[in-house]
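Number of protein chains: 2
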Amino acid sequence: MATQSLPRENAISELSSFLGERLTTSIAVREQHGNGECGVYTPQPPDAVVFPCGTEEVSQIVRICTDHGVPMIPYGTGTSVEGNVTAPHGGICIDLSEMNEVVRVNEEDLDCTVQAGVTRKQLNQYLKDTGLFFPIDPGADASLGGMAATRASGTNAVRYGTLRENVLGLTAVLPDGKIIKTGGRARKSSAGYDLTRLLVGSEGTLGIITEVTLRLYGIPEAISAAMCSFPDLESAVNTVILTIQSGIPVARMELLDDVQMDACMRYSKLDYSRDHTILFEFHGTERGVQEQAKMVGEISRDLGGSDFRWAKTTEERNALWQSRHDVLYACFALRPGSMVWATDVCVPISRLAECLLETKRDIDENGLLAPIVGHAGDGNFHVGFVLEPGNEEELAMAKEVNDKMIERTLGMGGTCTGEHGIGVGKIGYMEAEHGESVEVMRMIKRSIDPQNLMNPGKIFAS
Amino acid sequence: MATQSLPRENAISELSSFLGERLTTSIAVREQHGNGECGVYTPQPPDAVVFPCGTEEVSQIVRICTDHGVPMIPYGTGTSVEGNVTAPHGGICIDLSEMNEVVRVNEEDLDCTVQAGVTRKQLNQYLKDTGLFFPIDPGADASLGGMAATRASGTNAVRYGTLRENVLGLTAVLPDGKIIKTGGRARKSSAGYDLTRLLVGSEGTLGIITEVTLRLYGIPEAISAAMCSFPDLESAVNTVILTIQSGIPVARMELLDDVQMDACMRYSKLDYSRDHTILFEFHGTERGVQEQAKMVGEISRDLGGSDFRWAKTTEERNALWQSRHDVLYACFALRPGSMVWATDVCVPISRLAECLLETKRDIDENGLLAPIVGHAGDGNFHVGFVLEPGNEEELAMAKEVNDKMIERTLGMGGTCTGEHGIGVGKIGYMEAEHGESVEVMRMIKRSIDPQNLMNPGKIFAS
Chain V
1 MATQSLPREN
11 AISELSSFLG
21 ERLTTSIAVR
31 EQHGNGECGV
41 YTPQPPDAVV
51 FPCGTEEVSQ
61 IVRICTDHGV
71 PMIPYGTGTS
81 VEGNVTAPHG
91 GICIDLSEMN
101 EVVRVNEEDL
111 DCTVQAGVTR
121 KQLNQYLKDT
131 GLFFPIDPGA
141 DASLGGMAAT
151 RASGTNAVRY
161 GTLRENVLGL
171 TAVLPDGKII
181 KTGGRARKSS
191 AGYDLTRLLV
201 GSEGTLGIIT
211 EVTLRLYGIP
221 EAISAAMCSF
231 PDLESAVNTV
241 ILTIQSGIPV
251 ARMELLDDVQ
261 MDACMRYSKL
271 DYSRDHTILF
281 EFHGTERGVQ
291 EQAKMVGEIS
301 RDLGGSDFRW
311 AKTTEERNAL
321 WQSRHDVLYA
331 CFALRPGSMV
341 WATDVCVPIS
351 RLAECLLETK
361 RDIDENGLLA
371 PIVGHAGDGN
381 FHVGFVLEPG
391 NEEELAMAKE
401 VNDKMIERTL
411 GMGGTCTGEH
421 GIGVGKIGYM
431 EAEHGESVEV
441 MRMIKRSIDP
451 QNLMNPGKIF
461 AS
Chain A
1 MATQSLPREN
11 AISELSSFLG
21 ERLTTSIAVR
31 EQHGNGECGV
41 YTPQPPDAVV
51 FPCGTEEVSQ
61 IVRICTDHGV
71 PMIPYGTGTS
81 VEGNVTAPHG
91 GICIDLSEMN
101 EVVRVNEEDL
111 DCTVQAGVTR
121 KQLNQYLKDT
131 GLFFPIDPGA
141 DASLGGMAAT
151 RASGTNAVRY
161 GTLRENVLGL
171 TAVLPDGKII
181 KTGGRARKSS
191 AGYDLTRLLV
201 GSEGTLGIIT
211 EVTLRLYGIP
221 EAISAAMCSF
231 PDLESAVNTV
241 ILTIQSGIPV
251 ARMELLDDVQ
261 MDACMRYSKL
271 DYSRDHTILF
281 EFHGTERGVQ
291 EQAKMVGEIS
301 RDLGGSDFRW
311 AKTTEERNAL
321 WQSRHDVLYA
331 CFALRPGSMV
341 WATDVCVPIS
351 RLAECLLETK
361 RDIDENGLLA
371 PIVGHAGDGN
381 FHVGFVLEPG
391 NEEELAMAKE
401 VNDKMIERTL
411 GMGGTCTGEH
421 GIGVGKIGYM
431 EAEHGESVEV
441 MRMIKRSIDP
451 QNLMNPGKIF
461 AS
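Residue numbers (the numbering used here), protein chains in the order written: chain V, 1 to 462; chain A, 1 to 462.
Keep in mind that a hint or two might mislead.
List of simulated lysine-lysine pairs, DSSO-like, C-alpha gap at most 27 angstroms [said to hold, decoys possible]: (1) V:Lys-121 to V:Lys-269; (2) A:Lys-404 to V:Lys-181; (3) V:Lys-312 to V:Lys-269; (4) A:Lys-360 to A:Lys-269; (5) A:Lys-360 to A:Lys-399; (6) A:Lys-121 to A:Lys-178; (7) V:Lys-178 to V:Lys-121; (8) V:Lys-294 to A:Lys-294; (9) V:Lys-404 to A:Lys-181.
To be clear about the criterion: a stretch of chain V counts as covered by chain A if any three or more of its residues have a C-beta under 8 angstroms from a C-beta of chain A, and this derived list gives those stretches [to be verified]: (10) 171-179; (11) 182-193; (12) 242-251; (13) 376-382; (14) 430-436; (15) 446-452.
Honestly, the hints are just simulated from the structure, not real lab data.
This one's a predicted model, so the numbers in the text were calculated from it and none came from an experiment.
Just so it is clear, CB atoms sit at the ideal spot from N, CA and C, and this is done for glycine as well.
Use the sequences and the hints to build the structure in full.
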């Protein structure tokens, strides 16, 4: 340790000399930054946290860290759940929250550029008089830089895609401090390697995203939301599958199992049914929305779904979605003092019922409390294990259920994470999912970050 | 040369021993493979052409070439236009046309896997009884492996995206012969680096794509096509811009200037207007299509467009699109014995009118014959310089107009190629477009292909 501490101390002192109060070694701040929103992974605080004001400053910070061989961990809002922001090797946490400026909005081109620390709600608030919006909504009010780094998605992705489809370009700082711009503002390009999409989802292991250029969309003429409950989970899942297979362009199609509905209704004090439920949202013209709702209504009715209960006003709609977004807090509330371990997988849509029902059976057989909620239209669902802190036996059972779920998912041609990233939590599944491709990822990592200073210990073991 | 010939001869003899007649050194075949569909770039034949039957065989071929340090050039249908398949350093052309099997169609998941040599028309023919289709249509009946390697798009991309958005996963052979699978069948994933999108658009410089997993779509309930002519180019372009800004989900919106329309009408012997024209196609429900057509009709009428002329039957629609797809041949026919140099750029939609009109002015001022046709909804357009072979002065003028167009495009935040790739033709613009990012691309290239054997001399100078 003694041999390691010197370069760190030197780096911190050098950083401190130009950042002043925008560098802190306070234990409370470091601890808060060494943790995400998941209680399962051991928090690992960095040695210091810095708050840069712009890309140039990030570049300076990175140069100093690289000169001293000190790890760097980029940080947005800390809402990731796979241990993506922990500092297993210590180092400098680069908190981008002060880089929160909307740099440019081109209404005519339906795009904008934001600094990495701008959150999705902040952006939509900024856009509110333009008639445009940014649809991707992972629930948490995450930063757009963090969402890009995690290849996040959430509700709405079924219609609008994920960050993969909605980032047009990036500014990033590489491990040598070089600032690069990737992509551009054209809607498509065949000019060279797609570095934008290499950085999207790289979880800070290749460089630090400092600005993001995003696609925007016109706010639809009509939006309507409805919920529909089902006597059993299978019918609900099959409604989702048939809707997708019919090509109906629903904007949101969220599935909540009975356990999750119960948790959400208790937490939000709403009085909807506690059965397995799908929340729908339709975007389009007045007529288009009616048409979509009619088609989906026929599918769900055929499968035993209830009548649609409509959220007619914006307020009702917001309350409905807020209750969906509060699933994590609703889970905590189910068992006071608990911790929640949220995991996610994504399968081809035809396998969703099988994957989900077998997982639910494993949960029940192990007597675990683990609501299921899914961006089901994408074939993506989350299991939120509600665990008693320190209960090793319960944690072991949850791990086993998670292992089996991922094994099942991979066997179905799915992925071990639809939208949470690998972080530290899913490193063990990379080989099983990607085989020899992992070595290619490592080659890229080594070529861009030869000292392994960029968020080390994430995506790959090290 | 003498020092180089030995390894090549050894490689060819080794390859020949297991490929037999599926290797040829015939001059005619080599010359045909050393050229694309553009007369401007000097054809550069490979030393031999091989016709592998499967991924394993490609891997064997690659191992042998790498052992002997011999370049490899993957080849689909040879329909690329930026010199993407020439062999400036000789080597082995790997023609994938015999790998033309549709491996798997999952109707329930709206996806399929094809070998790289399957062409888009072949795939759609194969799918014809399923109710599904693959929408991306670059005009030429290109191979899907080649389209992935070029990040191709074409008509329909305005609604369905490019190959970037529609490739779910790939099988590829790396320079060391290793076979990797990237991506998967889930609609989204946050699991590690996006190697799929790194290979899409890499033009064979990182590895050889041997299989492609693609998204499919349900054939829309209703399809209708119409054309609308305009008294001037500006009104036509502004119709495109307003349609996009209004968020109307048109499936195709192709712009042909008066020169191009005249060429197409002569060639196809159709009797539509020779004015600047937009060809529209609408996909959706019966009502949705009507609604879209009505909205677009209002925009175009306000801007001075003619009444829509509808292609009512499938036959009429096919004739209309065939005339669009025959632009290259129509250009040749404009000037017997000519060669056509097709170049493309893509700008943010708000700059399309300016970029296109200034380019047209340059063409006219130089007295060049160069029809313009565009996937205008994407901000993407092509200029087809119709040139007299051997006329150096004319070629120099065309190069100057192209240079100016690309400079203008980059100044507007656009890209030097929307869908044709860099090949050899656009290498000179890479630095201007990407700056320091080019060095990152080179780092990746070096790490994966340290001997620079994969399609050398493309994307990067070497």
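Checked hints:
1. Between the alpha carbons of Lys-121 (chain V) and Lys-269 (chain V) the distance comes to roughly 24 angstroms, so the proposed pair stays at or under 27 angstroms and holds.
2. Among the hinted pairs, Lys-404 (chain A) with Lys-181 (chain V) is consistent with the structure: their alpha-carbon atoms are about 23 angstroms apart, no more than 27 angstroms.
3. Among the hinted pairs, Lys-312 (chain V) with Lys-269 (chain V) is consistent with the structure: their alpha-carbon atoms are about 18 angstroms apart, no more than 27 angstroms.
4. Distance check on the hinted pair: Lys-360 (chain A) and Lys-269 (chain A) sit about 25 angstroms apart at the alpha-carbon level, within 27 angstroms; holds.
5. Our distance criterion of 27 angstroms between C-alpha atoms is met by Lys-360 (chain A) and Lys-399 (chain A), whose separation comes to about 14 angstroms.
6. A hinted pair counts as satisfied when its Cα atoms are at most 27 angstroms apart, and Lys-121 (chain A) with Lys-178 (chain A) does not qualify at roughly 30 angstroms.
7. Distance restraint check for Lys-178 (chain V) and Lys-121 (chain V): the Cα-Cα separation of roughly 30 angstroms exceeds the 27 angstroms cut-off, and the hinted pair is therefore not satisfied.
8. Distance hint between Lys-294 (chain V) and Lys-294 (chain A) is fulfilled; the C-alpha atoms sit about 22 angstroms from each other, no more than 27 angstroms.
9. With a C-alpha separation of about 23 angstroms, the suggested pair Lys-404 (chain V) and Lys-181 (chain A) falls inside the 27 angstroms cut-off, and the hint holds.
10. Taking a C-beta to C-beta cut-off of 8 angstroms, the stretch 171-179 of chain V contributes 3 residues in contact with chain A, enough for the three needed, and the coverage statement holds.
11. Residues of the stretch 182-193 of chain V lying with their CB closer than 8 angstroms to a CB of chain A number 11, which satisfies the three-residue condition for coverage.
12. Under a criterion of three residues with beta carbons nearer than 8 angstroms to beta carbons of chain A, the stated coverage of the stretch 242-251 of chain V is upheld, 4 such residues being counted.
13. Counting residues of the stretch 376-382 of chain V whose CB lies closer than 8 angstroms to any CB of chain A gives 3, which reaches the minimum of 3, so the coverage claim holds.
14. For the stretch 430-436 of chain V, the proposed coverage by chain A is satisfied: 5 residues have a C-beta within less than 8 angstroms of a C-beta in that chain, meeting the threshold of three.
15. Counting residues of the stretch 446-452 of chain V whose beta carbon lies closer than 8 angstroms to any beta carbon of chain A gives 3, which reaches the threshold of three, so the coverage claim holds.
Hints 6 and 7 from the earlier list are contradicted by this structure; the remaining hints agree with it.
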